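Trainee: Make the full structure from the sequences, and use the hints.
Those protein sequence lines, which keep their order, are chains C and Z.
So that you can map any letter, position 275 of the first sequence is 687 in my numbering, and since no number is skipped, the others follow by simple counting.
So that you can map any letter, position 6 of the second sequence is 418 in my numbering, and since no number is skipped, the others follow by simple counting.
Worth flagging that the hints you see were computed from the coordinates, not collected in a lab.
Treat the numbers as computed from the prediction; the structure is a model and nothing was measured.
Please note: incorrect hints may appear among the correct ones.
Any copy, or any two copies together, can satisfy a pair, since identical chains are not distinguished.
With a cut-off of at most 30 Å between alpha-carbon atoms, the simulated DSSO-like pairs for lysine-lysine come out as follows [to be verified]:
1. Lys738 with Lys589
2. Lys656 with Lys430
3. Lys634 with Lys721
4. Lys738 with Lys534
5. Lys634 with Lys738
6. Lys430 with Lys721
7. Lys589 with Lys656
8. Lys634 with Lys656
9. Lys430 with Lys589
10. Lys430 with Lys738
11. Lys534 with Lys497
12. Lys430 with Lys634
13. Lys721 with Lys656
14. Lys497 with Lys631
15. Lys721 with Lys738
16. Lys631 with Lys656
As a plain string of letters, each chain reads:
2 protein chains.
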Amino acid sequence: MINPTLVELTRGRSVESKHCGAYAVSDGSGKIVMSAGNIESPIFPRSAVKAMQALLLVESGAASTYGFGNRELALACASHSGEQKHAELAAQMLAMAGLDQTNMECGTHWSFHPNILIEQAKLGVEPSCLHNNCSGKHAGFLCVACHCNLPLHGYVNSQHTVQQEVARSLEAMTGSKLDMDLCGIDGCAIPTYAVPLKKLAHGFAKMATGEGLTSERAKASKTLIDACMAEPFYVAGTDRACTKLMEMAPGEIFVKTGAEGVYTAALPTLGLGMALKIDDGATRAAEVVIAELIANYMEAEGPIAANLKAFANRELTNWNGDIVGKITASLQS
Amino acid sequence: MINPTLVELTRGRSVESKHCGAYAVSDGSGKIVMSAGNIESPIFPRSAVKAMQALLLVESGAASTYGFGNRELALACASHSGEQKHAELAAQMLAMAGLDQTNMECGTHWSFHPNILIEQAKLGVEPSCLHNNCSGKHAGFLCVACHCNLPLHGYVNSQHTVQQEVARSLEAMTGSKLDMDLCGIDGCAIPTYAVPLKKLAHGFAKMATGEGLTSERAKASKTLIDACMAEPFYVAGTDRACTKLMEMAPGEIFVKTGAEGVYTAALPTLGLGMALKIDDGATRAAEVVIAELIANYMEAEGPIAANLKAFANRELTNWNGDIVGKITASLQS
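Mentor: This is the structure:
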């Protein structure tokens, strides 16, 4: 099955590049209410399922033991830009469990956001594991391990109890059996399991609605989604798509990016979940498609739809600031 | 026409992302000796035609008037990383014509190469037009304007004599009529004209062989291609694909990247030209396909083919250095 073109970039009057992909929109019952392309084949969700991976942090009692509020929970669900506030909060989370960055097994990288990187390099900041975009998730894993008296070393391995429990949450939320044949290693060293888009969308609809979940899991889901929507800066950062999209409709839009062109969304007021993958892995395409897709479900003439559509369809400029073309998302449903 | 998948990225045992595209390999007569996908529709070559855009610098006599050698000519054909040596040489080129960076109209940006950017930010270097990846090309245009007593201001505009002459060179080399309907503005503010891949490949085969060119143009073509192959650092920079690929077979391989997933090549010893475009604009895909394509024409068991194939098909690691997957190019011819 060939996936449709969801994004076009023009230069002058011609299309210069295009991105194909697939997406699914599900309600809480698992009914696919809208889709395009192949939503049956497993794709790696990467960081787009961090909110599901963080369920254990809440359900184990670790989050309440260590006094984590919205910011800490948002950071546990984040792919952040490694700004000072992100790194400091990750360190504070670890400190609550008596741990520090030497316990982290996620590796180190400079911020993916050029302006943050430049600012930090100018200031002489050297990135550590705390600046890794996944540091909040890893702090969460370590807090669970500490709270549950599990070994700390090797907490990233697929056989460690933390990762086994995280996989069990993912399996239950998506209804997709997680197979070691479909298991890869993520950028931050933890396992990532491929899941069909329609099941990812259903999982996020369940997070949005609580439908089909135990009351404990429904509450944990709502706690995490609400935390992210309340503290969108801690889910991504300055000038980042996840943060900007959630700020457009506080309490109505949860979104999360994943590497290689993945995006997920949960819309609690509409009871919908969404998942998309761009075939070629381009983030620039994934973030405009999720905005266009959410806009499609907002009041057509309202300001939220207008802001989302302006994000999804915009002019592109060169180094002199001259308009040279545009990027356009279309749903091809 | 749907272009074939030329590149796959795997994670674990599964394909995570893929890139479609098209390519053409031409001999000096314009005969297409190998191709895949749509090579008839115009695509924007962007910086992949800088060597053709630099013909005017040599043919006008400006290059010899100002005493430009291989390094200066390589820089005129470059999309460099804005390293200190690149910026200094661009400044020297301008100084030979009594000009400086205030004459440049290309805009300013930080190096696209993260390690260079980090090093410069740490050292307190602030990027100027001289660091723009196109600064050598712009220095060349300004030197032509100066040498020919043309206005300096507005040298980037499509109506300026420099850009008109550059367009004439491109039209003659590719045999493709350049239409204002197919004209866009490039990142550095000059016009870029869309040309079919088969004509771009033919143009680079003409540069490689001199076939069908006046002796003056054949000589200028050889001078430029030879300069790039002699000084590959000045065409790109540290750890860059163009530089590394040309270093694999000194004097046998000329390659040049263009934004949005374009690559061109000229192989003088084989008399071939190549051009490719990745549909989605991904550089990571374009650079492995050009390596695989050139490897296909090298001695099968020899070290050059082995090095090119190792570049085109390699393992991918995460932040901890663990192998998580691989990138693979295939020609689908």
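Trainee: Hints first: check each against the structure and report whether it holds.
Mentor: Evaluated hints:
no. : hint               : in the structure
1   : Lys738 with Lys589 : between (41 Å within a copy, 25 Å between copies)
2   : Lys656 with Lys430 : both (24 Å within a copy, 28 Å between copies)
3   : Lys634 with Lys721 : within (27 Å within a copy, 50 Å between copies)
4   : Lys738 with Lys534 : neither (33 Å within a copy, 34 Å between copies)
5   : Lys634 with Lys738 : neither (37 Å within a copy, 38 Å between copies)
6   : Lys430 with Lys721 : both (18 Å within a copy, 27 Å between copies)
7   : Lys589 with Lys656 : neither (33 Å within a copy, 44 Å between copies)
8   : Lys634 with Lys656 : within (21 Å within a copy, 51 Å between copies)
9   : Lys430 with Lys589 : between (33 Å within a copy, 25 Å between copies)
10  : Lys430 with Lys738 : both (12 Å within a copy, 24 Å between copies)
11  : Lys534 with Lys497 : both (17 Å within a copy, 21 Å between copies)
12  : Lys430 with Lys634 : neither (36 Å within a copy, 35 Å between copies)
13  : Lys721 with Lys656 : within (13 Å within a copy, 42 Å between copies)
14  : Lys497 with Lys631 : within (27 Å within a copy, 59 Å between copies)
15  : Lys721 with Lys738 : within (13 Å within a copy, 36 Å between copies)
16  : Lys631 with Lys656 : within (26 Å within a copy, 54 Å between copies)
Going through the hint list in order, the structure does not satisfy hints 4, 5, 7 and 12.
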